[in-house]
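J.: So for the sequence shown, UniProt numbering puts the first residue at 1; every next one is plus one.
A portion of the hints provided could be inaccurate.
[Unchecked claim] Here are the computed lysine-lysine pairs in the DSSO-like style, where the Cα-Cα straight-line distance is at most 30 angstroms: (1) Lys-148 with Lys-134; (2) Lys-280 with Lys-298; (3) Lys-148 with Lys-192; (4) Lys-169 with Lys-287.
These are calculated hints, taken from the structure and not from any lab test.
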Amino acid sequence: MNSHVLCNASIYDNTNRLLSMFDNLNTALVELSNITNSYLLVVYYLSTGNLINTYKYIYDVKTQSYVMTKNSVHKNIKTQEDVKENVKEDTKEDTKENVKEEIKDIVSENILAKLDEEINTDSRRKRKNPEDKKQEEKKQEDKKQEEKKQENLSIFSSDKGSYLMFKSKINKETLQEKNISPLFIAKYHIIKFMDINELINFDSNDDIQIESDIYLELHKVIESMDYKKENVVEKCKCDNNKDCDCEVIIKTKDEDPLKNIGDEYNEVCNYFMEYLTELKEPIYSSKSYHKILDSNMKLKNELFKDAIAQEIFE
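Please construct the entire structure, taking both the sequences and the accompanying hints into account.
T.: And the structure:
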């Protein structure tokens, strides 16, 4: 036995074509499929006995290794009369078996070596140094932020259109502000404030990124109002001391959103707070309304009864 050869099935998919390539070799090993997570298939060609043995190596998840199982034996795939002439039947059979066993040993060694190489290469690929890992995490985070940014722009653009629709109905006196959907009322007043102060352009979206940034900062003012409502602080009512100055925090939450407002937006946010205090009805964020509606279906029906009657969802 002089040599063995590996070939890829993605290039050669016909056994006879493969065999024709190895006429000058005593032994040829043909790999019919790439190493995968499930199995690999190999074919042994014994020119001395004109025999092909096909073995399938199944991947065992438990042991994380490839286990060889014999699939089938195909005789006389290709004839070589020059080999048959001087070989006796019994000698030929012995030779076939000996060569077959020898090939199996070589194949097993080579397959194991190849598998080890693949596994080690894959492990090295998966093991990234800390710097590469940080860069990958930053790349993923930047991607998420960009997707969120585009989502906010899309929503804001739609909200501009909704505001104009409500504004038109109110000007025509077919709708009152108090009947605007509670899930949109906060957005309505933010955009109305921007409209009054000429911070928004309804004829173009050229500056929509700047407008959206202002909108998001103003929305933090309303979120802060929700925060203060949910973090109620009451005077302690001690039985022994009616004038006790103890304070009891009824509920705690995350940091006040006002603390996250950018310095360049402080002035406009202060004006917006003044605008909100002049409203007759308190404004809640849509997030707060969702909590209320999800927990009280009866209240949900009451909130939407007048809105539906006004057909504001046209």
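J.: If a hint holds in the structure, say so; if it does not, say that too.
T.: The hints, checked one at a time:
1. Lys-148 with Lys-134: At roughly 21 angstroms apart (the allowed maximum being 30 angstroms), Lys-134 and Lys-148 satisfy the hint.
2. Lys-280 with Lys-298: Cα-Cα ~24 angstroms, so holds.
3. Lys-148 with Lys-192: Given pair Lys-148, Lys-192 holds - Cα atoms ~24 angstroms apart, limit 30 angstroms.
4. Lys-169 with Lys-287: 25 angstroms, holds
Hint check: no violations occur; every hint is consistent with the structure.
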